[in-house]
Structure formats: C-alpha cells, structure tokens
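Engineer: Given the coordinates of chain A, assemble chains B and C onto it according to the supplied hints.
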Amino acid sequence: MTITTGIQDLGLENITHRYNGVLALNHVSLEIEKGSFTAILGPNGAGKSTLALILGGMLRPTNGTVKVKAADRSRSHSGNGFINLGVVLVPEGRRLFTTMNVKENLLLGAYGSGQSKVEMMKSYEDTLEFLPELKRHLNKQAGLLSGGEQQMVAVARALMARPTTIILDEPSLGLAPKMIERIYEVISSLNQRAMTVIVIEQMTTYALQHAQSMIVLEGGMIRYHGSVTDAAAKEALQAGYFGTE
Amino acid sequence: MNFENHLSRQLVKKLKLIQIGAILGAGIILMVLLGPGLVGSYMSYIIDLTLIYAIGTISISMLANYAGIWSIGHTAFLAIGAYLAANLSVRGISVEIIILLGIIISLVLGVIIGLSAGRFAALYMAILTLALGLVSNEIIGRWQSVTGGDQGITVGPAQLFFSNTPLDTNGHILITIVLVTLTFLVVTLITKGNLGRRWLAIKSQRMASMSIGLKPSLENALAFGISGAITSTAGVALAFSMMYISPEAFSIAIATNLLLCTVVGGVGSIGGALLGAMFLVLVPEMAREVQGISAYVFGIATILVLLFLPKGIVPGIAQRLKQWTNKSSSNSTSFVAATVDNLTDSDYENLSCLVENLLKPATSNLIISGLSVSFGGVRALDNVSLEVPPGSVLGLIGPNGAGKTTLLNVLSGYVKPTNVEALKLGKTDLTRLAPYGRVKQGFGRTFQHAELFDELTIEENIFLAAQQSKKFHNNSKTGTSAVDIAEKLIDNLWLRPYARLYPGEVPFGVQKVTDIARALATGAQVIVMDEPFSGLDAEERSEVRSILKAMKNAGVSILIIDHVVQEVLNIADNMVVLDFGRVLATGTPEDIKSNPKVLEAYLGSALKDGKEVLSN
Amino acid sequence: MHDLLSVIFSGLVSGSLYALLGLSIVIIFRATDVVNFAIGDIATIGVYVAISVISLGVPVVAALPITFLVAGIIGVGVERFMIRPLGPGNMFSALIITMGFGLVLQALIGTIWGYNPRPFPPIIDGNITVFGVAITYQKLLATGLAVVAMLLITALFNWTRIGLAMRASAEDHFAARMIGIKSTRVASLAWFLGCGLAGVTAFIMAAESSVSVALMAMVLFRAFAGVFLGGLTNMIGAAAGGMMIGILDNVAGSYVSASFRDTMVFAVIVVILFLRPSGILGARGGARV
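Protein chains in written order, with the numbering used here: chain A, 1 to 245; chain B, 246 to 861; chain C, 862 to 1150.
Extracted from the complex, chain A is given alone in its bound form (with noise of 0.2 Å):
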C-alpha cells in the first residue's frame, strides 16, 4: 500500500498507550519514509496526539517500539524528545512561550540542537529568509500575535533546531481558511525541501491536498494506511468520522 521504495525515517512497532489504564493507542505499527509527506487523520480522542508525541519521542508508550532513522529509541528517553535526532514537535495548542517575544522564541528553538552561536544566527536567517513574514514581529511579545502568526512563529520555533523531520500536530486549529492555507503553502515548500513532514489533522481539507500518503486513526487503532487517491481512503475518512453503523 505504501511507497515502499524509501528509506525509513520513523517506524513505530506495536505500539500501545494507556493514560492510567485508558487505552488511547492499540497495537499500532506504521512506517514513514524520509521525504515524504503524511496526514495523519481522525475524530477527536482517536489517539492522534498521543501519536504525534510518541512519533516526537516526548511520551514513552506503554508497549511496543520506537524507530528513528532505523535505530531503536524506545528506550533512550532523556526527556527531551528526539529534537537531537532531527525529529521537531510542533504540538498542538503551538506551545509558545507568549510572554517573551518573537526573537526570544525562535532562538530558544535553536537551543536543543547543539549549535554554536554563529551556527544559531546563520539558522536565524536563513528562518527569517524562509518566513519574511516574521520579520514584522520580531519584538512583539508572542502571546499578543494572532493565531496564525503564532502558528507560523511555532512553525519558525521549530525549524531552528535544522530538523530533517517535522510533526505539526494540528496546524489549522482555530485558524482562518486563508492562513490555513498560508501554514499548507509552507509545509508544502518544506517537503519539497526533502524534508518528511506529518500533519495531523482533525479537519481533513487542507492536509489531504497535499500530503501524499494518509493514516486514518479511529479508537486508538489504524483503519486505513495508504495514498490519499486510493478508491478506500474516502470510505475510510467517512467511517472513521461517522461511524459504519
């Protein structure tokens, strides 16, 4: 079903995760191949966040295997998630740090990585020659911009680490159609950079025209992993939201 012709950036084997014994995520085993683009979709309390941390390395899960870049890192939590792997987490909710200012954000993203200080300001450039928008901001204190600049300051965050792999949990959330697909254009424009991106969405719009391959979450389990132009993918999008009663 899969573009099997990759290599494996991330693979997650058997994976199951209880919250005190509430079972969010069930036997889940899935690949993603570096350089491509995946959305990762379902109804609210399918497990989807759950995903993106464990996929980030910032949860543990209770059961199963972990893969980075083909290494096992089930074990080899420091805490820190896997941001010295060149995997990002942009969570949802973005998680800026709204009292300190745009600039302030952005090199903090850098601070994981182990980069010098010349390195950090070159990243700060090349982050601001990505998104010019930013520019406008960068003495505004976060928590005052609009959700959309937010996003993008979240999205901005995260590329100074120089991730080969990013995770966007929920981008669109609370955010007009037109930054909606301002964040997509982005995203997009990473992937063609080569780098793996996963989006994971509750609204399916925007993720489905242009991600490649799609991950259908429902219950903590996969109902469907495959391209988004197979014939099965819409009958599994209109399950997995409103039931097969």
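Calculated directly from the structure, the hints in this document are not laboratory data. Any given hint might turn out to be false.
[Stated by the list, open to error] Simulated crosslink set (DSS-like; lysine-lysine; CA at most 30 Å straight-line):
| hint | chain 1 | residue 1 | chain 2 | residue 2 |
| --- | --- | --- | --- | --- |
| 1 | B | K797 | B | K669 |
| 2 | B | K437 | B | K261 |
| 3 | B | K715 | B | K261 |
| 4 | A | K103 | A | K122 |
| 5 | B | K838 | A | K234 |
| 6 | A | K103 | A | K178 |
| 7 | A | K34 | A | K69 |
| 8 | C | K1043 | A | K122 |
| 9 | A | K234 | B | K842 |
| 10 | B | K460 | B | K437 |
| 11 | B | K716 | B | K661 |
| 12 | A | K140 | C | K1043 |
| 13 | C | K1043 | A | K103 |
| 14 | A | K117 | C | K1043 |
| 15 | B | K567 | B | K556 |
| 16 | C | K1043 | A | K67 |
| 17 | B | K842 | A | K178 |
| 18 | B | K460 | B | K605 |
| 19 | B | K605 | B | K716 |
| 20 | B | K258 | B | K567 |
| 21 | A | K140 | A | K178 |
| 22 | B | K261 | B | K716 |
| 23 | B | K838 | B | K797 |
| 24 | B | K715 | B | K794 |
| 25 | B | K661 | B | K672 |
| 26 | B | K567 | B | K838 |
| 27 | B | K838 | A | K178 |
| 28 | A | K69 | C | K1043 |
| 29 | B | K685 | B | K605 |
| 30 | B | K258 | B | K460 |
| 31 | B | K556 | B | K259 |
| 32 | B | K794 | B | K838 |
| 33 | A | K34 | C | K1043 |
Structural biologist: Frame of chain A, contents of chains B and C only:
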C-alpha cells in the same frame, strides 16, 4: 447480595463506634491513672504535655489531610487560649467559659483569615499562616498589659463553673484529659462524617465539588476556623498546666516544630498525631543538656521521613503492613468486571424506574441568547443563541476548538460570559448565580474526565451528591434518604462490585458511570454532559446509552456534547453545530447529517467534493 | 512633607533588600514549584562561612563572593538530594522538607559558631544627608549592591542563552523540554542563583548590624509579604512588591505605630487578598482553556 451489602455497611458503622469507644476508654483509663496521682509527678507532667500538644497536632493534621491546608502558624491559636486563660482565671472566671470564649474568638479569626486566602492556592494560605504566627509573636511581645511581654504572666488556678474550690495540679491534668478526649471524638466525627467528606471532595476536585452544590472557599475557611478553635483549647490546658506562660511557648520555632512533628507522625491519623506530640515533647526533654540537639533531631527526622515514608511514620507503616498482608493472602481485590452484555429488559426497566424517581421532569425552557465569551482577545463564543425545550435532548457538536466546552462551562457557572442578552431557566435569570446556586435551580453536570473525588469511595462520591441535594430540595421525592438513593444508583448502574473502591482503582468507564450517577443523585432537571462517551469501549458505551435513554424518558432536559457524533445523533431531539464559536447550523439529527455546511466544517471539502480531492 | 519623603526614601532603601530576597524566592519557585523556607538559613550560613574565611586573613572584599558561592552550592545540594527525589507535584512535602533543613542549619550554626551574635567588620564609614536624613555610606552601598544584583539578574534573564532557557522553562515546562532544555539543569541553576542571591541579601544585612542565627527572620517575612503582593511567579512583581512593603512598613512605623509593624503589614496583606486574590500584579490572564 443486598444482604451482604447491608452487613458491610453495618461493619463500617461498627468500626466508627469502636474507634469512638476506644477514645472514650483511653480517656477514662488516663483519668484513673493520672487523676489521683498514681503515676509519678514527672511522668504525669510528660503525659499531660504530650496530650496537650496532641490536641494541636491532630488539628493541624486534620486541616492538612482533609482540607489540604498546611498551617505553619497554629501557635497563634494556642496563644489565644493561653492568654485568655491567664487573664480571665485571675478574675475568677470559670474554665468552661474561658474555653468557650477561646473557641469562639479562634473560630471567628480563623474563618476571616480562611476567607481571605481560601479563595486561591493552598500554597499562599500556608505562607499566610506563617505570617499569622509571626504577627502573633509581635502582638504578644508588645501588648504587655495582657501578655506581660517578655516577662510572661502567671496563670490563676482553674475554677470549674459549678464549684467554688480551685483545682489542684491533678485537677488540671483532668482538664487536659477531658479536652483531648473530646478533641479526638470531635475530630473522628468530623473526618468520618459529612464535613470530612465535603472537605476531601473540595480538596481533590474544586470544580466538580461546585457542581454538586459545595462552596469551596466557605468550607476551607470553616476548616481553618474549626482547626484553630480546637487548638485554642490546647492553649487553655497548657496555661493551667504550666501555671505560667511566656512568649517562647508560641514562637515561630515552636510553630515549626509543631508542624514538623505532625508530618513525622503522619497526617490524617490519630496515631500519627499522638506519635508526633510524643516526639515533640520527649525529644527536647531527653536532650535538655545540649542546646540545638532537638533541632537536629526534628530537622533530620523530617527530611528522612519525607524521603522514605512520605505519608509519615504511622500511616506509612500501616500501608506497608497492609501491602504485606495483601500479598500473602493472594490477590483478593481482582474483580470480575460487572459487564452488561447480559443486560436484560428488566434491568433496563429497573433503571428507568429509578431514574424517573430521582429526577424531576423539567418544566421550563433553558434559554441562551446573544452569548459571547472572550479569553484575552480570542472569541471562544460569538453571539450564540439556543433553546432547550423542557424534557428534550440537545446535541451539541462541532470541530475541535469550536467553543463547546466553553458553552458548558458558562452554563455551569464556571466561566463568566463577556456578553449575554439572556441566560434563563424558565423565568429564573442564571447570569448572576454562582455554580452552587445553579445546582439549587436544578442544574446537573458531568465531566469529560469524570473528575471524581479521589479520596472518597465510589459509594461516597454518589452519597455526598445525594446528600447535598437533600439540602437543596428538602421537599422532593418523599422520604427516600440519601443512603437509599446512593444504594439504588449503585445497584442499578452496575456499580456494586466497585462501591467500596476508590476512583483510582476502577476502570475509566466505571468512573464515567459514577460521574453520571453523581449528577443523577443531585436530582437535577437540566443535565449538562461533557463527552459522556469519550474514552469508553463498546460495552461501556452501551451502558451509558441506556442510562441516557432512561434520563430522556424521565423527562429531564439534557445538553450533551460529544465527539462520538453518531451517539449524539442517535439520542438527540435537536442538534446545534458550533464552528469558530458561532452557531453554524441547527435542526434535527436528520437535517444535520445531510447539511453540506456541517459536512464541510467537520471534514472540510474532502467529503463534499471528495472525488476531486481524492482523485487528483 | 519633607518628613514623608524621607520616610519613603528609607522605605525604598530597606525595600530593596526585601525585593532582592523576594526575587530569589521567585526564581526558585518558577523553576521548581518549591517555596524554599530554608532560604534565609542557607544565606545566613553563607555569611558565617565568609566571616570565618575573613578571620583567616582574606580581605573583606572577598566576603561577598564567598557568601554567594557557599549559599548557592548548598542550594544546589538541597535541590539535588532532597527536592528532586520527592518527584514532581509534591509542593507541600517540598516546602516542609525545606523547613526541616532550615532547622538543621540553624542548629549547625549554633554548634559551630555559637548562639550569640557576632560582629561583622564594617565595610565603609561615614554618612551623607539626603532629604534631611543622615544615611550612612554603608546603607547606601547596601542599597547599591541590591540594585546592582537585581540589574545583573535582569541582564542574565534577558540577554543570555541560559537565562532565556530558564524563563522558557518557567513558562512552559513541556515546551521547554520539547526544544531540548534540560529541566534538571534549569533546576540546579535556579537553586544556585536563588540561594546565592539570598546570600547577597544576608551579607548586606550582616554588614549593617551583626550576624546571628535570626539574621534573616525579619527580612524573610517582609520578602514573603512582597511576593504575596507581586505573585509567586512574577519576578518584576516580587521586586516591586518588596519595595512596596518597604515603604508601607516605614510609613506605618512612623505614622501609625512603631510597635506593631508586622501586624500592620499583615493586616494590609489580608485586606489586599480580599480585594485581589491573586496579589496585585501576579497571575493575570491565567485562563487557559
């Protein structure tokens, strides 16, 4: 099954009686031993002092364990009792009146301070009590006409109300014994009774506690006041036993030691409080030769206990013992989960009969119009209007971030609207009502994460709600007691096997059903439900589905939000779809299912123009 | 009028100390959620060690950095060996463990250096007249020190990488972890800085009078009062709150009653809490949904 349950209930009552009996018995034995002076005078002095401080440690312990308030300044209350005793005894006023005055003054002071800090974090409260302790030192030092300043003040002999002869030393010990016995009785009654349950409920879930009608800031203030009042009686006893009091008895050092020893002994246990008091008295007595030894002992003991027996010595050891015996007597706690795959028609009939008995049919419309809520510039709800006719089910759906939970929180009174034209239940205006005021109007609430009171059993969770509702609607549903209501809910909602377990020990589905039972027990006529189906498996869903059906049949109004859209569509009479804080569509479930705007909001255009997107 | 000005001025002078100590409390709380009740005792032992070192012939100037280092290092040890093992979410156990440790430190000071107050070598003599009040150079120097310390902290938190990381970690532990900030390192550093700065406060206090076990008791109470007004998580608030308490304390002491200063400060705090439960500056707009 019922018989067995009846039996265990009696057993619990019996245990409480045994504890009360034990306290009384211990009190009498102490009186016999110490009253006539059978024990040497030094020994009886030590026992006297230990008992006096036990009054202090138990009141600090009760406050910390049940209300979650850690007091570093309880010496202030000790001082109130002591200086009252000193000043009034010389004027010939009897002990009983002094004690009463001390209790009243301390209660009032405690409630006032509690009200100022009880509204927010318990951490601030702790710092404020430290300030109280420091300030009391200043007042003692400076208000010399009453306290004698640094010199201290002598205390007149104690005089009983019905007797003309002053008491001697042995008589003073009797006062202590009577006071400590009464204290332990009162503390047992409070902590095993309703007050204790209410405090525990508020401590663990402040928000949910309001949804069954509790008033957290008031209860916190009350807890602090009662604890202070009890401590003041120790002050009176201390004054009479020492015959002389000096400011050092109420210094910050003593206040610190009092708290540390309570922690070392273990909070929330009478044994712990006694051990703590013993520690507090014995260590300085035994280390009198060298200055500073007791500080080392207290400090190091605190550090070691918190690191290795975090609950304190007595509860910590009790827990270890329990684990040990449990391990040896096989795992008796594993239950065969009560499943409902064999749910029969008669089960359902019983259930709906019960629900019908508990709930009042709604009589009035719930009306919301022109409701807007903003959080720091972000509009969570924008000019929302909707109506729930009595006895109908309104389903509320919408994508993530659409403002659904905010709407529920406005209805429950947790979030204040930025703007609203009308928020009414029939003719009653709800806008200015606090959460507990709305409970009185017949509002019930369930929570997405169940939010049960962690330190109460499943049974107690439901019982507490039933009992609060008795207070609000004393005319309703002739005569059934709160216990009966709780029992029936437990039996009919398949909770029996879990009744005596704590929320942390039961599956999430059971927690959610308990949360619904709690709302049912309040006897509400409008029930607001936040995601009753989320996180449940198929079996549990069918359980919740039957309960909802029974609620609907009983004629209550229900407002339900859930991401499990198909469940909402099945049960609802009317639907409202929210998107970006606005009402996107209203109509019957059938209308909604085929409404293109709704499909787009939910799935985006993927489904609508599905073929285009999916085929390119 | 002239009189009131001078009262306010001396209020600011003592307020700067409350502000500095309040800042130390807040730095530790923001990083680790611990109200450190041993902070006064840790600072005091730093001063005692400094005195002992000076008596060996080391110049008086060295006393300040010695105090800072000793207090800071003890702080790091406390966090590492008593707070961290408790695990997260144990606010009250942490608070009480610091109370217990404070008690041990007090006893230790008594055992090593005795319970009687010790003189501290004067740093500078003479005085100056401001607003009609004579102010010793010593006091002026003390205030200057406190202000410089606060400016340095401001610079650290705004313009250095580690300072930024500490602010980030205080604001959102999860997001900070996510971008690679090590929470253990932030915790150690916060305790080092917090306790070290408290050491500076203790040094200034000692230089003004003498050293005793109870050196910090009065300042600590007022610093807490300032933190109350400013909020436990607000650095600027805690500093401003400390200044306000300094003024309030002096005004109440001069115009209402000199004997009941603590009581007055306490009463004002209780009234303020009734009016504004989150303090004057703290915890605004905290509604996260």
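Engineer: A separate judgement is required for each hint: does it hold in the structure or not?
Structural biologist: Hints and how they fare:
no. : hint             : verdict
1   : B:K797 x B:K669  : 21 Å, holds
2   : B:K437 x B:K261  : 8 Å, holds
3   : B:K715 x B:K261  : 24 Å, holds
4   : A:K103 x A:K122  : 14 Å, holds
5   : B:K838 x A:K234  : 17 Å, holds
6   : A:K103 x A:K178  : 25 Å, holds
7   : A:K34 x A:K69    : 9 Å, holds
8   : C:K1043 x A:K122 : 24 Å, holds
9   : A:K234 x B:K842  : 18 Å, holds
10  : B:K460 x B:K437  : 20 Å, holds
11  : B:K716 x B:K661  : 26 Å, holds
12  : A:K140 x C:K1043 : 26 Å, holds
13  : C:K1043 x A:K103 : 21 Å, holds
14  : A:K117 x C:K1043 : 18 Å, holds
15  : B:K567 x B:K556  : 14 Å, holds
16  : C:K1043 x A:K67  : 23 Å, holds
17  : B:K842 x A:K178  : 18 Å, holds
18  : B:K460 x B:K605  : 24 Å, holds
19  : B:K605 x B:K716  : 16 Å, holds
20  : B:K258 x B:K567  : 21 Å, holds
21  : A:K140 x A:K178  : 22 Å, holds
22  : B:K261 x B:K716  : 25 Å, holds
23  : B:K838 x B:K797  : 22 Å, holds
24  : B:K715 x B:K794  : 25 Å, holds
25  : B:K661 x B:K672  : 20 Å, holds
26  : B:K567 x B:K838  : 55 Å, violated
27  : B:K838 x A:K178  : 27 Å, holds
28  : A:K69 x C:K1043  : 23 Å, holds
29  : B:K685 x B:K605  : 13 Å, holds
30  : B:K258 x B:K460  : 28 Å, holds
31  : B:K556 x B:K259  : 26 Å, holds
32  : B:K794 x B:K838  : 21 Å, holds
33  : A:K34 x C:K1043  : 28 Å, holds
Taken one by one, the earlier hints fail for this structure only at number 26.
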